[in-house]
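**Student:** Just need the whole structure built from these sequences, with the hints factored in.
From first to last, the protein sequence lines are chains B and Y.
According to this note's numbering, the residues represented by the first sequence are -11 to 223, in order.
According to this note's numbering, the residues represented by the second sequence are -11 to 223, in order.
Wrong hints could be hidden among the right ones.
Note that the list lumps identical chains together, so a pair holds whenever it fits in one copy or between two copies.
Stated by the list, open to error - In silico DSBU-like cross-links for lysine-lysine, where the CA-CA straight-line distance does not exceed 30 Å:
hint: 1; residue 1: Lys85; residue 2: Lys151
hint: 2; residue 1: Lys107; residue 2: Lys212
hint: 3; residue 1: Lys128; residue 2: Lys107
hint: 4; residue 1: Lys104; residue 2: Lys212
hint: 5; residue 1: Lys40; residue 2: Lys75
hint: 6; residue 1: Lys90; residue 2: Lys151
hint: 7; residue 1: Lys76; residue 2: Lys(-3)
hint: 8; residue 1: Lys128; residue 2: Lys44
hint: 9; residue 1: Lys110; residue 2: Lys179
hint: 10; residue 1: Lys179; residue 2: Lys128
hint: 11; residue 1: Lys206; residue 2: Lys159
hint: 12; residue 1: Lys40; residue 2: Lys128
No lab work stands behind these hints, which were simulated from the structure alone.
If you're wondering where the values come from, they're calculated on a predicted model, not measured in any experiment.
There are 2 protein chains.
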Amino acid sequence: MGKQLNNIKVIGFDADDTLWVNETYFRDAEQEFAKLLSQFETPNKIDQELFKKEMKNLSLYGYGVKGFILSMVEMALELSNYSVSNKKIEAILNIGKNMINKPVELLDNVEEVLKKLSKNYKLILATKGDLLDQERKLEKSGLIDYFHHIEVLSEKESTNYSKLLKHLDIKPSEFLMIGNSLKSDVLPLVKIGAHAAHIPFHTTWLHEKVSESVTNGKKYITLKTLKDVYSYLPK
Amino acid sequence: MGKQLNNIKVIGFDADDTLWVNETYFRDAEQEFAKLLSQFETPNKIDQELFKKEMKNLSLYGYGVKGFILSMVEMALELSNYSVSNKKIEAILNIGKNMINKPVELLDNVEEVLKKLSKNYKLILATKGDLLDQERKLEKSGLIDYFHHIEVLSEKESTNYSKLLKHLDIKPSEFLMIGNSLKSDVLPLVKIGAHAAHIPFHTTWLHEKVSESVTNGKKYITLKTLKDVYSYLPK
Chain B
-11 MGKQLNNIKV
-1 IGFDADDTLW
9 VNETYFRDAE
19 QEFAKLLSQF
29 ETPNKIDQEL
39 FKKEMKNLSL
49 YGYGVKGFIL
59 SMVEMALELS
69 NYSVSNKKIE
79 AILNIGKNMI
89 NKPVELLDNV
99 EEVLKKLSKN
109 YKLILATKGD
119 LLDQERKLEK
129 SGLIDYFHHI
139 EVLSEKESTN
149 YSKLLKHLDI
159 KPSEFLMIGN
169 SLKSDVLPLV
179 KIGAHAAHIP
189 FHTTWLHEKV
199 SESVTNGKKY
209 ITLKTLKDVY
219 SYLPK
Chain Y
-11 MGKQLNNIKV
-1 IGFDADDTLW
9 VNETYFRDAE
19 QEFAKLLSQF
29 ETPNKIDQEL
39 FKKEMKNLSL
49 YGYGVKGFIL
59 SMVEMALELS
69 NYSVSNKKIE
79 AILNIGKNMI
89 NKPVELLDNV
99 EEVLKKLSKN
109 YKLILATKGD
119 LLDQERKLEK
129 SGLIDYFHHI
139 EVLSEKESTN
149 YSKLLKHLDI
159 KPSEFLMIGN
169 SLKSDVLPLV
179 KIGAHAAHIP
189 FHTTWLHEKV
199 SESVTNGKKY
209 ITLKTLKDVY
219 SYLPK
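**Tutor:** This is the structure:
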């Protein structure tokens, strides 16, 4: 079953779409947004423009629902040539509030795996979302006691993970990261000599997508279900 | 000169209005906002309503500029009875973007004190703002090398600080927190037996104000200037 990971001390978990559903809610929100603005443009065009706007604002707003809502409001003004109604802007704000208030829907086997692993490893939640959002979800999820703490990274790049390891006072070989994004949860870890396990989610945000040429030859684990991680760890 | 702090291992610094100017920018933004909406209400009423709106949205949006902008947009819709122009909403978004892009203005003696203390103590930045905002400010400030890491707390309450100490693996008596907010940087530390130093800033957000009866009899240090902390630490 591939290499054994014998020296792991800390396991980092991505949160959104690794422990619980998230991206699905963004897709739903984008659909609602396109419907609200359907008098001005086609859903396809609105989707494309919104993605461009989010990318343009990313360095200002970062990740998370709040920046997403702000980009939607800005987009609505521009796309409507400054004629969108106040009620529609309010509806956009409410799309955001509803996203924040969504219940937490755990993915398969999450609780069982965390419970088991937390007995032998220090578990941390490593996320680039909004801290308040993530704490709220962790609270609602009932998983909070399995984690030592939440680590919020402004970006999930190699340098951010290197700082995290320094902060945890462990060597790269003692860290395993598990997550659904090759770009954010896997490749930056491989680069600094830490371990990473990829567990795909059915939908991936365009910004997180990577081409096969990038992953080619890189050493990481692919998990079909979270439970598969057991077979890589000492009994 | 009061009690000596002999066992300190880690010193936590609040960021906004302790290391650099922040609240002033919010005050300026509020004034701009009131001016934009002056056709609908008096500045005083707008200020009051905006604060109420922020408090109402705090559990959803948390602290930081993005939640502040979202509250301003919502406020503008309601205050104008859904008649505010698209251009004014765009102007509100731009108030927010300008806040995010503001240069970092260091307060007196900050660099000198951090440089000196970083030789003998582990320094951390403990903030409840938005991580991306704070990292950006830290980057711009040129102070980044003095800090071991940034600790983002969703709230600055005793339980959050207790978690932080657990995470740092130190006793309360080994931690000193320095900040401008009695409510956030001082009282929660006193409560858990850690040390705290208060360094007042000339303006305080209403949400951070505490009455004298609350601080009465509490044991903490008050600093006139950041340099005054030297006299409490071993030579």
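**Student:** Next, verify each hint and record whether it holds.
**Tutor:** Hint by hint, here is what the structure shows:
1. When the C-alpha separation of Lys85 and Lys151 is checked against a cutoff of 30 Å, the pair qualifies only between copies, where the shortest distance is 28 Å, while the shortest distance within a copy is 33 Å.
2. With identical chains, the CA atoms of Lys107 and Lys212 are at most 30 Å apart within one copy only, with a shortest distance of 23 Å there and 48 Å across copies.
3. Proximity of Lys128 and Lys107 under a CA criterion of 30 Å is satisfied intra-copy only: 22 Å inside one chain copy versus 42 Å between copies.
4. Taking the closest pair of Cα atoms, Lys104 and Lys212 come within 30 Å of each other only inside a single copy of the chain (18 Å); across copies the shortest separation is 51 Å, beyond that limit.
5. Proximity of Lys40 to Lys75 under the C-alpha cut-off of 30 Å is found in both arrangements, the shortest distances being 24 Å within a copy and 21 Å between copies.
6. In this homomeric assembly, Lys90 and Lys151 come within 30 Å of each other (Cα to Cα) only across copies, at 26 Å, whereas the closest approach inside a single copy is 32 Å.
7. Taking the shortest Cα distances, Lys76 and Lys(-3) never come within 30 Å of each other, neither inside one copy (50 Å) nor across copies (53 Å).
8. Taking the closest pair of Cα atoms, Lys128 and Lys44 come within 30 Å of each other only across two copies (20 Å); inside a single copy the shortest separation is 32 Å, beyond that limit.
9. With identical chains, the CA atoms of Lys110 and Lys179 are at most 30 Å apart both within one copy (22 Å) and between copies (28 Å).
10. Taking the closest pair of Cα atoms, Lys179 and Lys128 come within 30 Å of each other only across two copies (27 Å); inside a single copy the shortest separation is 34 Å, beyond that limit.
11. For the homomeric pair Lys206 and Lys159, the shortest alpha-carbon distance inside one copy (20 Å) is at most 30 Å, but the shortest distance between copies (42 Å) is not.
12. Proximity of Lys40 and Lys128 under a CA criterion of 30 Å is satisfied inter-copy only: 26 Å between copies versus 32 Å inside one chain copy.
When the structure is compared with the earlier hints, a violation turns up for hint 7 alone.
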